[in-house]
Amino acid sequence: GAGVSQSPRYKVAKRGQDVALRCDPISGHVSLFWYQQALGQGPEFLTYFQNEAQLDKSGLPSDRFFAERPEGSVSTLKIQRTQQEDSAVYLCASSLRAGLRTGQYEQYFGPGTRLTVT
Amino acid sequence: DQQVKQNSPSLSVQEGRISILNCDYTNSMFDYFLWYKKYPAEGPTFLISISSIKDKNEDGRFTVFLNKSAKHLSLHIVPSQPGDSAVYFCAASARGSQGNLIFGKGTKLSVKP
Numbered sequence: 035g036a037g038v039s040q041s042p043r044y045k046v047a048k049r050g051q052d053v054a055l056r057c058d059p060i061s062g063h064v065s066l067f068w069y070q071q072a073l074g075q076g077p078e079f080l081t082y083f084q085n086e087a088q089l090d091k092s093g094l095p096s097d098r099f100f101a102e103r104p105e106g107s108v109s110t111l112k113i114q115r116t117q118q119e120d121s122a123v124y125l126c127a128s129s130l131r132a133g134l135r136t137g138q139y140e141q142y143f144g145p146g147t148r149l150t151v152t
Numbered sequence: 003d004q005q006v007k008q009n010s011p012s013l014s015v016q017e018g019r020i021s022i023l024n025c026d027y028t029n030s031m032f033d034y035f036l037w038y039k040k041y042p043a044e045g046p047t048f049l050i051s052i053s054s055i056k057d058k059n060e061d062g063r064f065t066v067f068l069n070k071s072a073k074h075l076s077l078h079i080v081p082s083q084p085g086d087s088a089v090y091f092c093a094a095s096a097r098g099s100q101g102n103l104i105f106g107k108g109t110k111l112s113v114k115p
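Residue numbers (the numbering used here), protein chains in the order written: chain A, 35 to 152; chain B, 3 to 115.
By construction, these hints were calculated from the structure, which means they are not laboratory data. On a predicted model such as this, the values are computed, not experimentally measured, just so you know. Heads up, the beta-carbon is just placed ideally off N, CA and C, and yes, glycines get one too. Heads up, a few of these hints could be off.
[Said to hold, decoys possible] Keeping only pairs whose Cα atoms sit at most 20 Å apart, straight-line, the calculated EDC-like set for lysine to aspartate or glutamate is:
no., chain 1, residue 1, chain 2, residue 2
1, B, 110, B, 86
2, B, 107, A, 119
3, B, 58, A, 140
4, A, 45, B, 44
5, B, 107, A, 52
6, A, 91, A, 102
7, B, 110, A, 78
8, A, 112, A, 78
9, B, 56, A, 140
10, B, 7, A, 78
11, A, 112, A, 52
12, A, 112, A, 97
[What the hints assert, rightly or not] Stretch by stretch, here's where chain B covers chain A in the computed footprint (C-beta under 8 Å, at least three residues):
no., stretch
13, 52 to 63
14, 106 to 116
15, 140 to 152
Isolated chain A, as found in the complex (with noise of 0.2 Å):
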């Protein structure tokens, strides 16, 4: 069955740019977290949705991100006036279920976009 896909793999913004990044959960997840990946470093979480609630969106790093599920299912991360530190692969993971123990549920990544902000 088809995976979490995210699109584009690849944008270069210019500084200033708005850009927004798509991402297609696996059908059905209930869950959907954004991840920010810098070079040489671990995922770092940005927001997560149960469905189309936002319920924790604390890992945003300035009011520039705005992350959305509106129908429960696709989601995009919207960055508006892109920086040069924003430059990073963003992914997306979705998860089956929710609640207090979704941590212990398999998170699916997708492949993730590279943004390279110029």
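For this one, chain A is given, so just place chain B on it according to the hints.
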């Protein structure tokens, strides 16, 4: 400060031998630990996990050991195969969280034929 630490950036092992990847953590609220494997240009793939109520979990060639008193876990791969060459991430989930994972920086494993 890093809550999940993988202190070895790289590890090289001969095919057929054991690979041991280590991970330390600082947050006593972590109650679930996972290992992910990542190939270049792909997303991380789940490998194996362990709950904090256990000290060992085994799946084929992969075994994860958890030492809660030392806040340490390790992943053993026996026997190692060239296809195991990848970056391995240790991750943890905290009790009461929504399930977001805290990752280490990863260890690049190279298995030489």
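Comparing the hints with the structure gives:
1. B:110 / B:86: 10 Å, holds
2. B:107 / A:119: The given pair, whose Cα atoms are some 18 Å apart, holds under the 20 Å limit.
3. B:58 / A:140: 18 Å, holds
4. A:45 / B:44: Holds - the C-alpha atoms of residue 44 of chain B and residue 45 of chain A are around 16 Å apart, at most 20 Å.
5. B:107 / A:52: 29 Å, violated
6. A:91 / A:102: 11 Å, holds
7. B:110 / A:78: 18 Å, holds
8. A:112 / A:78: Status holds; Cα separation ~17 Å.
9. B:56 / A:140: Status holds; Cα separation ~18 Å.
10. B:7 / A:78: 13 Å, holds
11. A:112 / A:52: 7 Å, holds
12. A:112 / A:97: Answer holds: residue 112 of chain A to residue 97 of chain A is near 10 Å, not above 20 Å.
13. 52 to 63: This one is violated; 0 residues, fewer than the three required, reach chain B with a Cβ under 8 Å.
14. 106 to 116: violated (count 0)
15. 140 to 152: holds (count 7)
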